[in-house]
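Engineer: Sequence:
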Amino acid sequence: MRLFSIFKRNKRKDVPERTINGIPLTKLPNNVYENMFPWSSDQIPNTNLTVGNIVMLWWLDKYHGTNRTIPLYFERNYVKSFSKELMKLKKDEWIYKDESLSPKAKKVLHNNFDIIEKHRVGWMNEADRKTFEEARRIEMNIHNQWLINNGMEDIAERNKQMMLKQDADMIITRKFKKAETMSKNNELAEANKILERLIESNTDYPAIIYERLAKNYRKQKRYQDEINLCMRFLKNEQPKYDEDQWINIFEKRIAFSESKLSKQSNTTLLD
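Under the working numbering, the first residue of the sequence shown is numbered 1, with each subsequent residue one higher.
Hints should not be assumed to be uniformly reliable.
[What the hints assert, rightly or not] List time: in silico SDA-like cross-link candidates among lysine to any residue, alpha-carbon distance up to 25 Å:
(1) 27 to 134
(2) 175 to 161
(3) 219 to 188
(4) 88 to 75
(5) 193 to 220
(6) 252 to 196
(7) 252 to 225
(8) 193 to 182
[Said to hold, decoys possible] DEER-style ranges, computed between Cβ atoms:
(9) 228 to 208: 14 to 20 Å
(10) 31 to 200: 38 to 44 Å
(11) 186 to 116: 17 to 23 Å
It is worth saying that the hints were derived from the structure and are not from the lab.
All values derive from a computational prediction rather than experimental measurement.
Ideal placement from N, C-alpha and C gives every residue a C-beta, glycine not left out.
Can you build the whole structure from these sequences, using the hints too?
Structural biologist: As structure tokens, this is what we get:
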């Protein structure tokens, strides 16, 4: 019997409805990310632009002059024809002939950058994510109770432990993303506190946490701390990965910081 059929048969009314961009999935197209977003044609106040146009302006500005291939998601999720919308943007002087942004386009993009932030996270805000997590938890509990009622306590216990591990991983992921955002905003001291605590947690993917903290140490010119951190990773964490994965990346970081410390030492001697 398929797991979905069990959920469907046992589903209770108190299972929260999953949402994307605040809209219940029942009111969205099936396979929402494979179809045009319902909000893609929403108008930007006091302009002839749509949400899809704002994403276009951002992309054109970010990759101007790079000959980058137009992503498939534009005509899948945002506009019916990228080329026609491009002509509209040129005609109405939102962009120049070379597809660079005009001053008024830069202004409207700045004023509506929340659209870009939503685009970057797949239009899933924290409230949306919570609906998915809560629905998953309740549905799994319903399924586990069904297993127990039918004499399959061992499978129910295994499912429970799997859920606990997934919940712990989601917490770590959220904390890491928060620290990553803070790092990019140069809030390094607070970001480092989060990352240093995460390093002590039991996670299946320590490399990205170590690497992010190493980048922050370098920004702060804490070269010896970066060396110590990278050596700790290579000794304690790298053996958990396949073969030589991550070795080259962290050895390069060590070599760079050692060269910086050597230059600092030579400068001190000359003084």
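Engineer: Now tell me if each hint is right for this structure.
Structural biologist: How the hints compare with the structure:
Between the alpha carbons of residue 27 and residue 134 the distance comes to roughly 19 Å, so the proposed pair stays at or under 25 Å and holds. Restraint check: the Cα-Cα separation between residue 175 and residue 161 comes to about 21 Å, which is no more than 25 Å; the hinted pair holds. Pair hint residue 219 plus residue 188 holds up; C-alpha atoms about 8 Å apart against a cutoff of 25 Å. At roughly 15 Å between alpha-carbon atoms, residue 88 and residue 75 fall within 25 Å of each other, so this suggested pair holds.
The suggested pairing of residue 193 with residue 220 holds, with an alpha-carbon distance near 14 Å, which does not exceed 25 Å. At roughly 21 Å between alpha-carbon atoms, residue 252 and residue 196 fall within 25 Å of each other, so this suggested pair holds. As the CA atoms of residue 252 and residue 225 are separated by approximately 15 Å, the hinted pair is consistent with the 25 Å bound. The hinted pair formed by residue 193 and residue 182 meets the criterion: a straight-line CA distance of about 11 Å does not exceed 25 Å.
The hinted window of 14 to 20 Å between residue 228 and residue 208 holds, with their beta carbons roughly 18 Å apart. Under the hint 38 to 44 Å, the C-beta atoms of residue 31 and residue 200, about 40 Å apart, fit the expected range. Hint check: residue 186 to residue 116, Cβ distance near 20 Å, so the stated range 17 to 23 Å holds.
Hint violations for this structure: none, all hints satisfied.
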